[in-house]
Each structure stands twice: as structure tokens, then as C-alpha cells.
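Trainee: Read off the chains here:
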Amino acid sequence: MISKRIIPCLDVRAGKLTKGIKFKGNIDIGDPVEAAREYYEQGADEIVFYDITASSDGRDIMIDVVDRVARTIFIPFSVGGGIRNLEDMRRVIMAGAEKVSVNSTAVANPEIIAQGAQAFGSQCIVLGMDVKKVAVTDKIPSGYEIVINGGRQYTGIDALWWAREAEKLGAGEICLNSIDADGTQDGYELNLTAMISENVQIPVIASGGAGKPEHLAEVLTTGKADAALIASMVHYRTYTIAQIKQYLHEHGIKTRMLW
Amino acid sequence: MIAIIDYKAGNLTSVARALQCIGEDFLITDKIEKLEAASHVIFPGVGAAGEAMVYLRRKKMDVWLQNWVATGKPLLGICLGTQIIFDYSEENDTSCIGLVGGSTRRFPAGMQYGGRSLKIPHMGWNSVQLRRPHPVFQDIPAGAEFYFVHSYYPAPADDSIVLGVTDYGIEFCSVLAEKNLVAMQFHPEKSGRPGLQILRNFCNWRGDDI
Chain V
1 MISKRIIPCL DVRAGKLTKG IKFKGNIDIG DPVEAAREYY EQGADEIVFY
51 DITASSDGRD IMIDVVDRVA RTIFIPFSVG GGIRNLEDMR RVIMAGAEKV
101 SVNSTAVANP EIIAQGAQAF GSQCIVLGMD VKKVAVTDKI PSGYEIVING
151 GRQYTGIDAL WWAREAEKLG AGEICLNSID ADGTQDGYEL NLTAMISENV
201 QIPVIASGGA GKPEHLAEVL TTGKADAALI ASMVHYRTYT IAQIKQYLHE
251 HGIKTRMLW
Chain B
1 MIAIIDYKAG NLTSVARALQ CIGEDFLITD KIEKLEAASH VIFPGVGAAG
51 EAMVYLRRKK MDVWLQNWVA TGKPLLGICL GTQIIFDYSE ENDTSCIGLV
101 GGSTRRFPAG MQYGGRSLKI PHMGWNSVQL RRPHPVFQDI PAGAEFYFVH
151 SYYPAPADDS IVLGVTDYGI EFCSVLAEKN LVAMQFHPEK SGRPGLQILR
201 NFCNWRGDDI
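Those protein sequence lines, which keep their order, are chains V and B.
Under the working numbering, read the first sequence as residues 1 to 259, first letter to last.
Under the working numbering, read the second sequence as residues 1 to 210, first letter to last.
The hints are simulated quantities; they were obtained by calculation from the structure and are not laboratory data.
To be clear about the criterion: a stretch of chain B counts as covered by chain V if any three or more of its residues have a C-beta under 8 Å from a C-beta of chain V, and this derived list gives those stretches:
hint, segment
1, 139 to 147
2, 179 to 192
Ranges of calculated distance between the beta carbons of each label pair, as one might list FRET restraints:
hint, chain 1, residue 1, chain 2, residue 2, range
3, B, 106, V, 254, 20 to 30 Å
4, B, 25, V, 60, 23 to 33 Å
5, V, 198, B, 208, 48 to 58 Å
These figures come from a predicted structure and were not determined experimentally.
For every residue, glycine included, the Cβ atom is placed at its ideal position computed from N, Cα and C.
Bound conformation, chain B alone (with noise of 0.2 Å):
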């Protein structure tokens, strides 16, 4: 069974969504006792670095994350899922669950490509260089793009962990993945079959990276 944490971050119904149409059953819930029974385990969440680990606090759910991680189980972060499993965010200047050593940064203002100021929030599709290969990204082709809507980035303090890259004006790590961990600021339940494809493979998949 895989379970959605579900932290009042956004609407996770369209993750939900996804995985009912790859035929996945799962849970969306809060509770502790729940995860645990949990083949593997969603962090998803669209909001606020702030707001989210106010409440991620309150329900314990910071320090279980971090037990979850340790048993080998596989977790996968999606945008403010991803953001917030860093030591630090410096939207809200908030400190973090701590999962991975680094910060979510902000875009940097006045961002160039071709003569043009680029935009932030970087909402639309881009594509994820992939430094290796990775369970979760098989069968996706080389130039498939996926659906991003942030204002900040994941800035891993170990480039080793860096899984794919993303170019908005600047390089920025756009999947992160360590052992049981795979972390992507992108939207795969909203980019169409290749994120579906993710989706299916993160569910068949055991946590061992190879």
C-alpha cells in the first residue's frame, strides 16, 4: 500500500488521482500508525516552507520521516515535499526536517536567457538532465519535460546526491536521490505520461539505487 502524507499542504487529491490511474491502490492520511503500515511512503505538497513544517511538527511527522528514511522503505518527495526535507528553507528563513544536508534556495532576481528577464515563480515545462540512471526514471526518454511551479530550488550540500539537473537561468538540482530517497521539485502526477511513468515506477520500486 503506498501512503500520502497528508500535512494541509495543497491539494493532494491530484496525486491521489495519478495513482488511481496507474491502478495503485493507497491512502492519504496523518496519522503515524497508518504510514506505518505503508509499503512506500509520498511526501508531496504544494504552500508554504513555513506553514508546512509548523504543522509537520506538531505531528511528529518531522522526527517519523527521519525513522522512516532509516528503514530502508522507499520515500518520495514531491515540490514542497522535497523543499522541506533539507536542513533549511529560506522561504519563511525556516528550519527543516534535516533528511538531506543543504537548503531550498530562492531563484536569484534579474535571471537572463537570451536577452530576457526570466520570470519568477518558473511555472511551465522543462526538462531534467539525468547524471545517471535511476530506477525511478526508467523507460523516461532522454528531452521529456516535466511540470514545475516553484519560486525556490533544492540546493544539496552533496553534489552526489544530485540525480538531474534543470536550467532556468541557472542550474539547479532538480531531483535528488540517496538510497531509499528520491526527491523531485517537479509535478510528475501533472506531466503527463512521462510523469505517470515515474509515478509507477516509484510504486514497483524497493529503495535500492542502482
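Bound-form chain V, shown alone (with noise of 0.2 Å):
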């Protein structure tokens, strides 16, 4: 049977991490290529990476990165930020990057997602979806909105009637971050990712929280996510991702154990 993923989240801003991430020996490395080296090494089995860069030159550093990315690990990998049209999409994909995930342009643009997926197929297109909660309301009957802007801009979007409609527009995967939960490493809002995860047929990646193996235990039961993103925990070697593995593996929970 199909394992949950574990998916580390590398930052990068104009080619370099925009936080340093412990390395063996406790150094603190900038190079986004040798993190995911160091995190295919761990046993990822995935990995996501953030592009926060605003400039077209930094995009180009990017394309770089992606390309020498897929020369160092041989597993899957996503690219988002920046994202703002199929053009950018083409170049992501063909500099090596498996998928590429598309937040507040399909929130402008929801076309965006069903030309990749026409495009690229949809296994390549994954929304980011930016989450806060809310009051119940008649616009937003589901309790949790839609943000963009790092959270700052609420957009009066109901984020399952989103979810429902990205995978419909042909979206393949859903990444999922709980703005409320990003940052606390206090656990993931398990009701957002098993709400979402429950109503739409498309695998959810669930974002935002992650501080200890536990709380990714939960998500990937309780929280019925398919994957879960983390930062932090590994950034600063709290934990490998091997440990983490480890504790879901004894836990009962099916991972890859072998890599």
C-alpha cells in the first residue's frame, strides 16, 4: 500500500535559503541544492521549494537552481512562488522540477490551473492554498477563508468551495497551510486538513505547525492528510527526517523506510 510522505519545505530568495539549515556537524549551510541533497539523503521523499524571490533576475537564478537540483537528487520536487503563467510553468518543468504549485495567481487567475494541467498534465499542477479561520458566515459557510500576501489579505474566498474547485478546474495535489498553525511547531489545525482531505479525491499535503513527530502522526491519521510538510523540526536539526520516520514507522504509520 501507497506510504505517507514526508515532505521537508526549503525557503529561497535570488538562489540562496532564506534560513540557514543545520548541516552535519552543525554548520549552517545557505546552498538550496546541498540542503536537498542533505534531505534526499535523510529519506525525503519529496521536497518543496518556496521561491520568495520578486525580481525576473531572481527567477533566472532560480531556473538554475531547479536545474542543478535535478541533477543531485532523484526524487520528486516541486516549485512555487513566482509562478505567474505557463511560460513560468514550462520553465520550471523542463529545468527538472516535477510539479509546480500555483497560490495567489490561481487565486487571481483559477484559468492558470486548468491550462497546466491541459499543459503539463495534472499530476504537475499542485494550489497552495493559504488558510485562516474564520467566523461561520454565509460566504464563508465552511468556517476557514482564503489568504494571500503571507496571510495579510483576506480574499472572501470559502477555502473548501476552493479546494472543490481547483481540483475540478484539474488541480492534481493540494498543498494546505494553516496560517494560524505556520510557525507555532504547536501541531497542525488537523479540522482544516481532514475537512479538506475529506472532500475533495485529490492527495492534500498538510502545512504549518509541524514542531515534533507527533504532531505529524496526528495529521497523517486523524488529520486523514496524504503528506506532511516540514520546516523548522529539520531546519535546525531538532530531528532527521530519518528519526521522524522512524516514530511514524513504530507508530503504525506506513512510510518509506528504505531509500
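Fit chain to chain and form the complex, with the hints in mind.
Mentor: What follows is the structure, given as C-alpha cells:
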């Protein structure tokens, strides 16, 4: 049977990690390619790169990073941030990324999901969703609203409606980030994750709030997620991916144990 | 020299990069005269069966593949490249190459596991239970997992060519092998070290199934 995936997320700006990760021997490294290699060797099932560069020069640098990552690791990886149109998608995919993720671009222009799925296949298109808990209203019946610009801007879009809509448009996967849980290291937003996962047929990657292996176990069982995104807990070397997988394995959650 | 068949189906560069990593010389081509000179041929692909077959027929690659297999030299099918060597694919109701009897079928709707409905596509890491040893799977540890992304699965007519099976709601043929042909549904080029080992084994294989 299929394994639950453990996916480290690396934030990149102008070709460098925004937060250095602790490498073997506790050395801080800023090179996303070396960080990807480290996580590949630790047993990551996939890697997510999030490019927070704004300039077009920065995007060219990112394409070079994607190309070098694709020569270094032999597992799937995705690239998000700065994907504005089909041409941006094509460049990232041709440089070697398995998937591209769209977030605020898709909120502004949902058709980009359909166009991307048509051009590259649904399996290439990940919808990134940033979500905040709000009061239940007629407009937001699920009580979770889509936000953009790092959580600063409310959109008036219901998160559950948007997840279903993206699936209809052809998204192959959803990366679901709880802005409330993000950075807390107190655990994933389980209610949100379960609600989305139960209501779409495509896989859901839970994001935001991971601080210890128990959190991953919760979100992959109670939260019904297909995969779990992690950041700080491995970047600061509090845990290795291998340790997290060992914990999940011991708690009866199927993960890939040989790599 | 290893040749990768280019038929405009998905990104072939990931297979090329994996071969680079294991130190194999290769070329990517849709020219039959270049393919003829190869020692091994890899038939990869991501995409839809219908469109792929239109392109392959136009390039007369369907007939060429039949001839290649008859020479006894090794052929490796990957993902879509595995699905379209059958007689027929349910995807786009497509008549395929016919190197192998049987068809490529869509996963049935409503598959369940442990009280949960299973998602289509089958996307992620899953294991392969080998039914017998094979040179291309030499030194692959039991329980190794491989990366799958697919909504359709291979269903050979002759059960004896099933080399490995995978469980996803149903048990399906994830690897088949017949003489100098080996074909897999998963992506060895995206399956970490065990995947690279399969590619290495293939490149060292002479096409004898023992």
C-alpha cells in the first residue's frame, strides 16, 4: 500500500536559502542544492521549494537552482512562488521539477490551473492554499477563508469551496497551509486538514505547525493528510527525517523506510 | 550507447539526468537510424496514450519497436512507455503498439483501504513484490519503494510475464518482463537509490531473462 510522504520545504530567495539549515557537524548552509541533497540522503520523499524572489533576475537564478537540484536528487520536487503563467511553469518543469505550485496567481486567475493541467498533466499542478480560521458566515460556510500575501490579505473565498473548485479545474494535489498554525510548532490544524482531505479526491499535503514527530502522526491519521510538510523541525536539526520516519513507522504509519 | 526514445511525451530529461548520475552515455532521439545504433533502448513517457500513439505512428516508431524487440536487445518501458506497449489502453480508447498481449486499464472508482477511499491518480511511494528474481532487479532490497504517478495500470493477458505486483486497492502488475523486455509502471529515475540501481542494472543487462 502507498506510503505517507514526508516533505521538507525550503524557502529560497535569489538562489539562497532564506534560513540556513544546520548541516552535518552543525554548520549552517545556505545553498538550496546542498540542502536538497542532505534531505534526499535523510530519506525525504519529495522536496518543496518556495521561491520568494520578486525580481525577474531572481527567477532566472531559480531556474538554475532547479536544474542543479534535478542533477543531484532523484526524487520528485516541486517549485512554487513566482509562477505567473504557463511559460513560468514550462521553464520550471523543463529545468527538472516534477511539479509546480500556484497560490495567489490561481486566486487571481483560476484558469491557470486548467491551462497548466492541460499542458503538463494534472499530476504536475499543485494548488497552494493559505488558510485562516474565521467565523462561519453565508459567504464562508466552512469557517476557513483563503488569504494571500502571506496571510495579510483576506479574499472572501471559502477554503472548502476553493479546494473543490481547484480539483474540478484539474489540480493534481493540494498543499494546504494553515496560517494560524504556521510557525507555532504546536501541531497542524487537524480539523481543517481533515475537512479538505475528506472532500476532495486528490492528495492533500498538510502544512503549518509541525514541531515534533507526534504532530506528523496526528495529521497523517486524524487529519487524513496524504503527506506532511515540515520545515523548522528539520532545518534546525532538532530532528532528522530518518528519526521522524522511524517514529511514524513505530506508530503503525506506513512510510518509506528504505532509501 | 543507451538510447532514450523521444516522442514528445513529457519530460525525458529526468531519465537523462539519472543516466548521467550513474555514468552512462546516452542519446535522446526520435530518429530511427540513431536508435538502430544503440545497445539498449529506454521507452519512457508521461502523458496520455492517445496523443502518444498518434506521434509514434507518424514516426513509424510502433513498427520499429516490434523490430527492435525481435533483435533480442534490451528494451526498458517506463510509465506511459509501459502502458502503450500493450494491445490496447482504456485511456482515450487507444489501440496501442501490441508488443505485449493485454491492456492498460483505469483504476476502478471507489477503491477502499482501511475504511478510506483511495485517491486517483495513485501518486506516491509504493512497494513492489517480485514473483521471481530478475537481472534488472538485482541488489534491490525487499521492501524497497518506488515512485508512482498514474491513473491506469498494466494488465497483461499472460500472467507468467508479471514480474512484480503492487497493492493499491487492487493488486496490479507494476513490473512485467518477457525475454529482452522489462517494463515498469513506476519511475525508476525518481525513485532514489533503488531506482538508480534498476537503471544501472538495465544498462548492464544483455537482455537474457534468467
